[in-house]
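Chains V and C, in that order, are what the protein sequence lines are.
Read left to right, the first sequence gives residues 28 to 327 (this note's numbering).
Read left to right, the second sequence gives residues 134 to 568 (this note's numbering).
These are calculated hints, taken from the structure and not from any lab test.
One thing to keep in mind: the hints can contain errors.
[Stated by the list, open to error] Now the stretches of chain V that chain C is said to cover, found in silico as 3 or more residues with beta-carbon under 8 Å:
1) 75 to 84
2) 153 to 160
3) 168 to 177
4) 185 to 194
A virtual CB, placed ideally from N, CA and C, is assigned to each residue, including glycine.
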Amino acid sequence: MYNNKLIGSMYVTPFIIGFLLFTAFPFIASFVLSLTDARLQDQLGAANFTGLANYGEMAGDATFQKSLGVTFFYVFVTVPLKLAFALLIAVILNFKLRGIGFFRTAFYLPSILGGSVAIAVVWRFVFAGDGLINQAFGVLGFGGINWLGEPDTAMFSIVLLRLWQFGSAMVVFLAGLKAIPEDLYEAADIDGASRFKQFWMITLPLLTPVLFFNFIMQIVQAFQEFNGPYIITAGGPLKSSYLLPLMIYEEAFKYFNLGYSSALSWVLFVIIAIFTAVAFWSQKHWVFYAQERDDNKGGH
Amino acid sequence: MGHMLNRRHLLAGTVAAGAATALAGCSPKQGASDSELRISWWGGSSNHRATLEALRLFEEANPGVRVKGEYTGFSGHLERLTTQLAGDTAPDVMQINWYWQTLFSRDGKGFFDLNGLRDIIDLSQFDARTLQMGTTNGHLNALAVTNAARLFYFNATTFDKAGVALPATWDELKATGPQMHKALGDAYYPIDGTFQDFAALARSYVVQKTGKPLVDTATKSLNCSPEDMREVAQLYTDLTQGHTWPAARVRASYGNVPQQEMRPWINGEYAGTYQWNSAIDKYTDTLSPGQTVKLAPYPMRDGATDAGLLYRPAMLFVINRNCKQPEAAARLINFLLNDPVGVRAMGLMRGVPVSAIAQKTLKDDGLLDGLKLESEAQIADLPKTVLESPYFEHPRVRDGFQDILEGLGYGRVSQKEAGERLYTDINAILHRVVR
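Pulled out of the complex, with its shape left as it was, chain V reads as follows (with noise of 0.2 Å):
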C-alpha cells in the first residue's frame, strides 16, 4: 500500500535539496565566475566572459606566487608533523595505565575547541610580544622571542595551531591500534623482536589504512586553513602567513573581485585534488589492507 521508494526519496530529499542548492550550484557557479570579471558589488549580469584571463593572470601575480609558496611550505610542515605527534600520542594512550581514559580525553579536547575563533583570538595573546611565552621565558631568565613579528616565527605560531588540534586524528590512530590483533604482539614477544622492532614491522604496516585516512584529511584541511592567520597575524608580517584561502576571502571580499578570486579558489581545488589522486594512486605501494592480508594467508 506504501510506496517504500517514495518515502525512502522523501526521506533523502532535504539532504538532495540542500546538497543542490549549497554545494552543488556555487560548485558549477564558482567555475563560471572564474570565466568573467564578476565583482561582488556588481549584478551578475554586467560580469564580461573573458576566458582564462584570471587563470592567465595568476602567471604574473607576485602576491599570489608568495601565497602559493607559503601554503606549500605550511602543508609540507604541518600535515607530517601533526600525523607523527598524533600517532605518538595514540601509542602512548593505548598503553594500559591507570586513569587512562582521563588523558584521552583530555588530550582529544583541544581538537574539539579546535581552530575557532575564540582559540585562535587566545593564540595571538599567548604568543605575543607579551604573551604568555614570552613572559614565562622572562620568569625563567632568557629573553623573550618575537614570535608574531618575524616572518619565519609567525608562521610558525600559526603551525602550532594547527598541531594542537591533534586530538582527531589521534582518535582515529587510537582506534587503528585496537583493531591490532594483540596475538601478533604475543608471537613477536615469543620471537625476541624488540618494542620498536614490533612498532617498525607490526604496529606501522597494519595501521597504515589509518595512516592513509588521516593523510586525505589533513591535506585537505590544512590546504583550507583560515582562521589562524586571519585572526592572529591577517597574513603578515610580509605576507609570511598570508595562506591561499585568505587571499581567497580577500580578493572577493575585500578587492571584490569575484572573478579572480573564484579562479584562486578552482587553482586550490584542483591542487588538492592533485594532492589526493596521488595520494590515492601510491596506496598500493605503500598502505596494508587487511583483506589482503587474508588473502595472502589464504593463498599460502
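Please build the complex by placing chain C on the supplied structure of chain V, with the hints as guidance.
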C-alpha cells in the same frame, strides 16, 4: 506494522512541513507589509540601543510605518551589505562609509537621488561641502550623519611623566621620540598606529606642501612629485628610527589586534594616536584609570595653506535605488538627522552630528563638551579647502602603502627604493582601480 506506518507518516509529514517552511522562507514578501521599512547600520551595543530607540520614536510619530533595524558590528558589515546589494535584498535605508560610494555608485545611479526628496529632507541643515561629498555626477546619493577628521591625540599623563610637552609642529613631533625614550625607556613611544594610520599622516604632510588632493581621480594618479613620495619614506624612517613611532617589528609582535586593545596603549606606553575624532571615545575608553588624553595642536609645514586634513563624512545614510517607499525612507532619514526628537535619541553615538539643527539641539542640551567640542573647534579653525578623492581609501591603495612601508620597516627595501615605489606602485594601483 501499524506503529511503523504511523512513524513513517510522522517523518514524511515532518519532511513535507520542513520543505514547505523552507520554500516559504525563500519568499521575498515574507511577513512584509507595504508600510515596513528596513534600515541597516553598524556600530557598538550602545549605538544599537540608541538607534533602536530612535526608530521606536519614529514609529510613534508615523503611525502605520514599521521600521525594522538590521545591525551588526563593523567587521563583516561591508561584506554583508555587498551581498545584499548584489542579490537585490538590501534594506531601504543603509548606513555606508564615505568611500563605499565608489564601490556601489560610481556613476551616481547606484543609490536613490536625494535631490528628488528635498521636500521631505531638510537639506538646508547641511553645508555645501558635506552635500558635495555625498554627490556623484550630480546625484546626491548620501547624507552624512557626522563628519570626521584625523587629529593628533596624546596621552597627557605619559607626556607629563616624561616631562615632554605636547608637540605643535612636525619637528617637535619628531623630537618627542628621543626625549621620551631618554626619560622613560624603550617601551615608550609618543605616537603609534597602523601602516594605514601612517599613510594618512603622510598624506597630510604631503598635502600641506602641494596644496592639492593626494589622489587625482581624473588622471588616475598621485597629485605629487616623486620627491614628495621620497619625503614620505624619509618621514617613516625618521619617526621609527627616532623612537617616535614603533618600528614595524615591534608593532607586529602584538599580532592582528586593534590599537586601542594593545596593552601598550592601555597602560600609556604608546602615548598618542593620529585618529578620527569620531572614534576617539573608543580609544579613551580602553585606557587604564588615571590617564588623560588631550588634543594636540595640528602641525603645519612652513608656508602651508591647507592642513591636509583627511576630513570627510564618517557615516552616511543612503536610500536603496529600488526602494518602494522612498518618501517614507526620506522621512526616516530626516527624523534621524534633523528632527530634535530623533537627534536626542541618537545623541553622540555616531559622533558630533553634521546637521546644523542637530548640533544646536545637542549643544543646547549640554552634550557637546570636552574632547569632542575641542576637536570640532580645531577642525573648524584649520584651513581645509582640499577635497581628497575617495580612492585614497580604496583597499588596494591602502594595501599598496602598507606593502611598501612594511618592506621598508623590515629592511627588505631601502629608503630610496621605498620612495620610488611609493610613487610608481601607487600610481599603477590607481590606474588599475580608478574607474
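- Of the numbered hints stated previously, which ones are contradicted by the structure, given in increasing order? Violated hints (numbers, rising): 1 and 4; every other hint is consistent with the structure.
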